[in-house]
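Protein chains in written order, with the working numbering: chain A, 1 to 367; chain B, 1001 to 1142.
Note that these hints are calculated values from the structure, not bench results.
Careful: at least some of the hints might be erroneous.
[Claimed, not checked] The following label-pair restraints were derived from C-beta to C-beta distances:
1. B:PRO1057 <-> A:GLU256: 54 to 60 Å
2. A:LYS282 <-> B:GLU1044: 28 to 34 Å
3. A:VAL135 <-> B:ASN1101: 39 to 45 Å
4. B:GLU1044 <-> A:GLU256: 32 to 38 Å
5. B:PRO1057 <-> A:ARG246: 24 to 30 Å
6. A:ALA101 <-> B:THR1069: 54 to 60 Å
7. B:PRO1057 <-> A:LEU217: 51 to 57 Å
8. B:VAL1114 <-> A:GLY19: 21 to 27 Å
9. B:THR1069 <-> A:ARG246: 33 to 39 Å
10. A:THR96 <-> B:VAL1129: 41 to 47 Å
11. A:ALA153 <-> B:PRO1057: 45 to 51 Å
12. A:LEU217 <-> B:GLN1123: 49 to 55 Å
13. B:TYR1089 <-> A:GLY19: 35 to 41 Å
Beta carbons: idealized from backbone N, C-alpha and C, even for Gly.
Now for the letters of each chain:
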Amino acid sequence: MTSKKRQDMTIGEALRANGVSRRGFLKFCAATASLMALPPGAATAIAAALEKAKRPSVIWLSFQECTGCTESLTRSHSPSIEGLIFDAISLDYHHTLQAAAGHGAEAAREEAMKEHHGKYILVVDGSIPMKDDGVYSTIAGMTNLAMLKEAAAGAAAIVAVGTCAAYGGLPAADPNPTGAVAVSEIIKDKPIINVSGCPPIPVVITGVLAQFLTFGLPELDDLGRPKAFYGQNIHDRCYRRPFYERGQFAETFDDEGAKKGWCLYKLGCKGPITYNACATTKWNEGTSFPIQSGHGCIGCSEPDFWDMGGFYKALSQGKLGSAEGLAAAAGIGAAIGIGSALLGSSGQKAAKAEIKAKLDKDMEATK
Amino acid sequence: MSTDARLIDIPVISEPAMTLPSMNVEPILHEVRHALRRLLETGETSMIDLRAMPLAPGEEEKIRTRLGTGEVVIQLDAMGPSTLTETAYSGVWWVEHRNPNDVVTGLYIEVAKVPSIVEPDRQDLIDAVARLNDDLENNDDE
Ligand code: SF4
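Bound conformation, chain A alone (with noise of 0.2 Å):
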């Protein structure tokens, strides 16, 4: 090992001084690449990115969330892949991990703050209240809008973690009593990426960081996610599409095309308007997604996904109860076709163009 401190460490160094070899390395870079819809071969591109690059500071504050979203990074593969990138960072604050408590760890943001000024990596999760001054949510007598400025203005970056973060996810909906928003709607001079999801799938969480540190900021999609880990549509990628496209609709959660495994739209799916990795890189160590195991997808990663109407509503319902509407709603399925697996990024992006539009319309029309 060598004699360096820690923090002066590039993320290679670190890894290797945890005992991480170099083909144990390249295994989670290829995990990476797959996250990132990369063809496989960009591992070692990716592998010789992350090994030169300087660990990074990262200050963690959670706002009004239930640490889901923490429970989701740390409760994942650990203790390895994900836990690796975690390992190789700098995590200097975060109230729920670190050890220390009350003004010790106040005192440990601020001096991280200081020294890496203009550098670190600010992650939030949870949203932030504005109703009455932001007196809802407070850490040591500061309000989160306080504390949210006075770190974003150090910050290189801000990675948003979570629907709450991201879109003010369920503390701001309806009524919104506290006035919750999401990061984006305080912070207008930095760059902010959005990782929703209630919670991120935990591999997409420190797959984007792992690509902030490789390719510095990514692509983002008009919501500001990046568009490598949210390019994919759950309809698009849904293996229960083939029934869609016959039109075999479970109508009950206990009938027969339930127990045939056929589509959930009529369900309430929201699939269809939903952009996550959830049909690939799926839960609790790649065993299933809501879908495989039964369930519509609520769209957990999309804006008000709390107040669309309904988890059980079938998105565009006043049409289908008509043949024509059914046809309709299978004529986007034929006319993309479950091979845009084997699509590129363009294809992905122009299926979702053509999904998005002929939604709106469906739903334009059922209003």
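Starting from the known structure of chain A, arrange chain B with the ligand on it as the hints suggest.
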């Protein structure tokens, strides 16, 4: 309800019975065939990331069965075990990476003479020379 009812007794099947023909098996095998031709003609290697495909339950096993098993199995022990199995088709490898908890973190079909991860990195060779030099200089008990 009797007190000894178990969760497993509830007749719910979460994995659907596949009543449709597999959507992905044939296209992937075709892709493997193209890759194998490329390897033969130009030496270019390929990798198919099975985790990036929307495979239906059961499709992975189908592809695995269709490819069969060849003569060589390579085991790695690097951040968890990895098994690289030659399929019945020379040059086509079934590559499975696991983490230390034995959970699959990557699943690929690699089309190459030898899977790329097997070859040592140049830096590792440099380190190896240095370490062996060190050992020979400091251990002169022969
Ligand atoms: S509507 Fe839902 S269940 Fe049906 S194919 Fe689309 S994502 Fe899958």
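request  = Indicate whether the distance between the beta carbons of PRO1057 (chain B) and LEU217 (chain A) respects the range 51 to 57 Å.
outcome  = violated, 38 Å
request  = Just tell me: holds or violated, for the beta carbon distance of VAL1114 (chain B) and GLY19 (chain A) against 21 to 27 Å?
outcome  = About 26 Å separates the Cβ atoms of VAL1114 (chain B) and GLY19 (chain A), which means 21 to 27 Å holds.
task = Could you see if the CB distance from VAL135 (chain A) to ASN1101 (chain B) stays within 39 to 45 Å?
result = holds, 43 Å
ask   = Do the beta carbons of THR1069 (chain B) and ARG246 (chain A) sit within 33 to 39 Å of each other?
value = holds, 35 Å
message = Can you tell me whether the CB distance of LYS282 (chain A) to GLU1044 (chain B) sits inside 28 to 34 Å?
response = Holds: the Cβ-Cβ distance is about 31 Å, inside 28 to 34 Å.
query = Would you say the C-beta atoms of TYR1089 (chain B) and GLY19 (chain A) sit inside 35 to 41 Å of each other?
reply = Taking Cβ atoms as reference, TYR1089 (chain B) and GLY19 (chain A) lie about 36 Å apart, which means the hint holds.
Distance restraint evaluation - LEU217 (chain A), GLN1123 (chain B), Cβ atoms, bounds 49 to 55 Å = violated, 29 Å
task = Kindly confirm whether 24 to 30 Å is satisfied by the beta carbon distance between PRO1057 (chain B) and ARG246 (chain A).
result = violated, 18 Å
ask   = Does the Cβ distance between PRO1057 (chain B) and GLU256 (chain A) fall inside 54 to 60 Å?
value = violated, 18 Å
inquiry  = Tell me if the beta carbons of GLU1044 (chain B) and GLU256 (chain A) are separated by a distance inside 32 to 38 Å.
reply    = violated, 49 Å
ask   = Quick one: are ALA153 (chain A) and PRO1057 (chain B) within 45 to 51 Å, going by C-beta?
value = holds, 50 Å
task = Can you let me know if the beta-carbon spacing of THR96 (chain A) and VAL1129 (chain B) is within 41 to 47 Å?
result = With a Cβ separation near 46 Å, THR96 (chain A) and VAL1129 (chain B) satisfy 41 to 47 Å, so the hint holds.
This entry does not satisfy hints 1, 4, 5, 7, 12, going by the numbered hints stated previously.
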